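The sequence shown runs 1 to 71 under this note's numbering.
Keep in mind that the hints were calculated from the coordinates and are not lab data. Model, not experiment: these values are computed from the prediction. Some hints here could point you the wrong way.
[Said to hold, decoys possible] If you anchor each label on the Cβ, the simulated ranges turn out as follows:
(1) 4 x 50: 45 to 55 Å
(2) 52 x 9: 45 to 55 Å
(3) 26 x 47: 22 to 32 Å
(4) 48 x 23: 31 to 41 Å
(5) 52 x 7: 42 to 52 Å
(6) 46 x 20: 28 to 38 Å
(7) 18 x 46: 24 to 34 Å
(8) 25 x 45: 15 to 25 Å
(9) 24 x 46: 20 to 30 Å
(10) 27 x 47: 26 to 36 Å
Positions of the beta carbon are idealized from the N, C-alpha and C atoms, including for glycine.
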Amino acid sequence: MNGKAGGQRSKLWIRARFQDHLSRIADFLQRNAGKVLFVTILILATLSIAVKCAHSRNKVEQLWIQGKYIT
1 MNGKAGGQRS KLWIRARFQD HLSRIADFLQ RNAGKVLFVT ILILATLSIA
51 VKCAHSRNKV EQLWIQGKYI T
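Please construct the entire structure, taking both the sequences and the accompanying hints into account.
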């Protein structure tokens with residue numbers, strides 16, 4: 001086995017496909033680093049504003065039962 005990976009062919013095929021997919025993602029990220037960074041910051045800002053504006057529908061005071069123990 002000089003220079004060849006050993007193991008079951010299906011596992012080798014899956015690993016090769018996975019590595020190829022990760023390589024393509026890495027190439028895309030390197031080519032478009034500025035765009036990816038801008039979109040990521042935009043998404044994080046949008047989500048942080050959404051979390052800040054979200055209101056909780058349940059109140060802790062309404063969930064608490066005074067003087068009763070749950071067994």
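Each hint, compared with the structure:
1. 4 x 50: 45 to 55 Å: Holds - the Cβ-Cβ distance for residue 4 and residue 50, about 51 Å, lies within 45 to 55 Å.
2. 52 x 9: 45 to 55 Å: holds, 52 Å
3. 26 x 47: 22 to 32 Å: holds, 25 Å
4. 48 x 23: 31 to 41 Å: holds, 32 Å
5. 52 x 7: 42 to 52 Å: holds, 50 Å
6. 46 x 20: 28 to 38 Å: holds, 32 Å
7. 18 x 46: 24 to 34 Å: With Cβ atoms ~31 Å apart, the hint holds.
8. 25 x 45: 15 to 25 Å: holds, 23 Å
9. 24 x 46: 20 to 30 Å: holds, 27 Å
10. 27 x 47: 26 to 36 Å: holds, 27 Å
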